[in-house]
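Residue numbers (our numbering), protein chains in the order written: chain A, 1 to 452; chain B, 1 to 307.
Don't take each hint at face value.
With a straight-line Cα cutoff of 25 Å, these simulated DSS-like cross-link-like pairs (lysine-lysine) come out [claimed, not checked]:
1. A:3 with B:87
2. A:132 with A:65
3. B:109 with A:3
4. B:109 with A:18
5. B:180 with A:3
Interface residues of chain A toward chain B, partial, derived using beta-carbon atoms under 8 Å [stated by the list, open to error]:
6. 3
7. 14
8. 222
9. 227
10. 433
No lab work stands behind these hints: they were computed from the structure.
Glycine residues also receive a C-beta, built at the ideal position from the N, C-alpha and C atoms.
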Amino acid sequence: MNKILLVIRREYLTRVRKRSFVVMTILGPLLMASAFVVPMYLATMDDGDVKVIKVVDETGWFFGKFDNTGEYIFNYSASDLETAKTELSESGEFALLYIPRRELTVPASAVIYSLRPPNIGLQGYIKNVMSKEVETQKLRINLEEMELKEADRERAMKLPELIRTNISLVTMRIDQEGAEEQTYTEVMMAVAFVSGLIIYMFIFIFGAQVLRGVMEEKTSRIIEIMASSVRPFQLMMGKIIGIAMVGLTQFLLWVILTFALVSVFQFAFADSMPGPEVRMAVPVTAAGPEGEAEAADAGAQIARVFEIIDSIQYDVILLSFLFFFLGGYLLYAALFAAIGSAVDSETDTQQFMMPVTIPLILAIIVANLAIANPDGQLALWFSMIPFTSPVVMMARIPFGVPIEQIWISAALLILGFVFTTWLAARIYRTGILMYGKKVSYRELWKWIMYRK
Amino acid sequence: MALFIADNVSKHFAGHTALDRVSIRVPEGSIFGLLGPNGAGKTTLIRIINRIIGPDEGKIWFRGEEMHHKHIAHIGYLPEERGLYRKMRVGEQAMYLAQLKGLSRKTAKARLHEWFEKFGMSGWWNKKIEELSKGMQQKVQFITTILHEPELLIFDEPFSGFDPINAEMLKKEILQLREKGATVIFSTHNMASVEELCDHIALIDRSRKILEGKVKEIRKEYSTNTYRIVFNRMNGPLADILGNDFIIVDESEDEEHSCASVRIPQGMGSNDLLRRIAGRIDIHAYNEILPGMHDIFISAVKENQGK
Numbered sequence: 001m002n003k004i005l006l007v008i009r010r011e012y013l014t015r016v017r018k019r020s021f022v023v024m025t026i027l028g029p030l031l032m033a034s035a036f037v038v039p040m041y042l043a044t045m046d047d048g049d050v051k052v053i054k055v056v057d058e059t060g061w062f063f064g065k066f067d068n069t070g071e072y073i074f075n076y077s078a079s080d081l082e083t084a085k086t087e088l089s090e091s092g093e094f095a096l097l098y099i100p101r102r103e104l105t106v107p108a109s110a111v112i113y114s115l116r117p118p119n120i121g122l123q124g125y126i127k128n129v130m131s132k133e134v135e136t137q138k139l140r141i142n143l144e145e146m147e148l149k150e151a152d153r154e155r156a157m158k159l160p161e162l163i164r165t166n167i168s169l170v171t172m173r174i175d176q177e178g179a180e181e182q183t184y185t186e187v188m189m190a191v192a193f194v195s196g197l198i199i200y201m202f203i204f205i206f207g208a209q210v211l212r213g214v215m216e217e218k219t220s221r222i223i224e225i226m227a228s229s230v231r232p233f234q235l236m237m238g239k240i241i242g243i244a245m246v247g248l249t250q251f252l253l254w255v256i257l258t259f260a261l262v263s264v265f266q267f268a269f270a271d272s273m274p275g276p277e278v279r280m281a282v283p284v285t286a287a288g289p290e291g292e293a294e295a296a297d298a299g300a301q302i303a304r305v306f307e308i309i310d311s312i313q314y315d316v317i318l319l320s321f322l323f324f325f326l327g328g329y330l331l332y333a334a335l336f337a338a339i340g341s342a343v344d345s346e347t348d349t350q351q352f353m354m355p356v357t358i359p360l361i362l363a364i365i366v367a368n369l370a371i372a373n374p375d376g377q378l379a380l381w382f383s384m385i386p387f388t389s390p391v392v393m394m395a396r397i398p399f400g401v402p403i404e405q406i407w408i409s410a411a412l413l414i415l416g417f418v419f420t421t422w423l424a425a426r427i428y429r430t431g432i433l434m435y436g437k438k439v440s441y442r443e444l445w446k447w448i449m450y451r452k
Numbered sequence: 001m002a003l004f005i006a007d008n009v010s011k012h013f014a015g016h017t018a019l020d021r022v023s024i025r026v027p028e029g030s031i032f033g034l035l036g037p038n039g040a041g042k043t044t045l046i047r048i049i050n051r052i053i054g055p056d057e058g059k060i061w062f063r064g065e066e067m068h069h070k071h072i073a074h075i076g077y078l079p080e081e082r083g084l085y086r087k088m089r090v091g092e093q094a095m096y097l098a099q100l101k102g103l104s105r106k107t108a109k110a111r112l113h114e115w116f117e118k119f120g121m122s123g124w125w126n127k128k129i130e131e132l133s134k135g136m137q138q139k140v141q142f143i144t145t146i147l148h149e150p151e152l153l154i155f156d157e158p159f160s161g162f163d164p165i166n167a168e169m170l171k172k173e174i175l176q177l178r179e180k181g182a183t184v185i186f187s188t189h190n191m192a193s194v195e196e197l198c199d200h201i202a203l204i205d206r207s208r209k210i211l212e213g214k215v216k217e218i219r220k221e222y223s224t225n226t227y228r229i230v231f232n233r234m235n236g237p238l239a240d241i242l243g244n245d246f247i248i249v250d251e252s253e254d255e256e257h258s259c260a261s262v263r264i265p266q267g268m269g270s271n272d273l274l275r276r277i278a279g280r281i282d283i284h285a286y287n288e289i290l291p292g293m294h295d296i297f298i299s300a301v302k303e304n305q306g307k
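With the rest of the complex left out, here is chain A:
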């Protein structure tokens, strides 16, 4: 047992310390971040037009709080949301900022409707103004209460914590008819496609590393020494697990670094907007609710969207992503290890690579279709077959998949990788010691069936 840990440790450390790993770790997030940031930046590189943003503020808290800049003019409108939305496409205004009223709580969310995606600088500015304003109001309310209760010290100590407010700002693209749920679907599609694609790429990149690692041991002949120290199975699993950990490390670093980079850029853009003045005490002008039923209806609609977004089962998505990520990798890595053990040189790998890569490529194709139709027969079946399920299932999960389907698919995937590992182990232990022989499928079959 100890030996497999030693093998894992070596496989992990030698790879993580490589210069190429460090370069990829830094380059990856730069590329990914630039995929986010460049469009943002381009969006802020303005055409010079002054954009008008209509503000529909049901709370009345933010009247006059958004300052006009050279770029944006904020128009405060008293009309209700539906009217404003229909007007938006006609009026030539850039966007509609809607701040719904929430019963019992302070306003903490807003929606931007626009025909074109609003840039991040604007979003940052709006968030900034809103949170400052809400904080000011909260502080004021709290201070008033304190006066009533006469110097409650502990409360005063907690004030900054109490008033911290996170504004959630949702951007909604609307078409001419004012249908807005599109963005939500797009988010789902993006999550689905990206997670499927990451799994696909991960399997290919790190599967190839397993293949090369096994071949390196074979061609450098160290295998003979290794085989006289550890069991071939330990060596194979040690390598597969070690490389999986390299992959996870890289993935984690990418996520953290990308996130960090994007946030840095976001801050940078947000700061380029004029800073809002901090006012200590402003009277709340309660919005005269005109057409109350209408407003309540729109409010409910918005609430529903927030609900949907809140209801995305992030835990389910995240857990299944990790599971299918690892499961898919383990299934294919074993096959890659078997190929590496059976051949003498890189050129010989071709004939065996085909049957391994075809299901993978098929998976990404089906995943594309599954995103369009997540509950179709095709998507269903391919999300059950272990060879394609990691990619296809991940493409379905963000749209919501019955939990029992996920369990069945997961169970099948476990069976799948137990099977491929068993198969690979049998090929591996014979293959690694076999030299100078061009191996055919017939030969592999004999190795698999060989009784000991």
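Please build the complex by placing chain B on the supplied structure of chain A, with the hints as guidance.
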């Protein structure tokens, strides 16, 4: 006592038999030569001893116990095809291999530094294997083979790739290891080094063991009863003196002495030859000619293949 015993071991691969009921006994503390032509099955046998592969039939024993995975910690193996992780640093690699053989980090490190010192490799710790010359790599590999102080050492062509000075050093190390109690299985095609080092041998040909025993006894067994006489010629040719029953195999002459190899026919002994020549020629030296391992190898293999 035998440290290692293979008992009727057979191994079949798809289409051919690599070992056919081979039995060998490797006495403790011996240097055991494992000989045979290319493709005879030596490597297969060595792999079975190392437990890299298992025998299809037969049993193998280590120190009186049936061989088990735990025993590989007591075996050191230097394969003919040397190999190390080329991109890894020398020290790290040696530490890794030592730990896989069950040494603790601390022990491995201490012993490695000792050996590096001894072999004049102290500055190599952080070099990559691929930066070393072939001879240097061999040294690293040798050290990793013996670092865990195995009871049984298997050297497959250990001298290939070494220059004469390093080969001599290696030979000394092998002899020292034996003195410290290790048993050595030594596979080579270099018969001179077999004569020099081995006290037991087994000869494998065409998947079968055809010869096994103490080197001295085997040479005796293969002796053709031939004696070498160095003498000064008296009167008349040697053939006349010897008569018809003794056969002169070889005769030569230089300025000082004559030299002849004489085979004694069956039923007669060395004394009969001495008696025949005593007083008739001036004898300077007289000794038995034992066949070399080289000749024994060839004649045994030919005999086996002639069957």
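Evaluated hints:
1. A:3 with B:87: holds (21 Å)
2. A:132 with A:65: holds (10 Å)
3. B:109 with A:3: Given pair residue 109 of chain B, residue 3 of chain A holds - Cα atoms ~18 Å apart, limit 25 Å.
4. B:109 with A:18: Distance of about 24 Å is within 25 Å: holds.
5. B:180 with A:3: violated (28 Å)
6. 3: OK, holds: residue 3 of chain A within 8 Å of chain B, min 6 Å.
7. 14: Constraint on residue 14 of chain A satisfied, holds at 6 Å.
8. 222: holds (4 Å)
9. 227: Holds. Min distance 4 Å.
10. 433: Hint on residue 433 of chain A: holds, closest Cβ of chain B at ~7 Å, below 8 Å.
Hint 5 alone, counting from the list given before, is not met by this structure.
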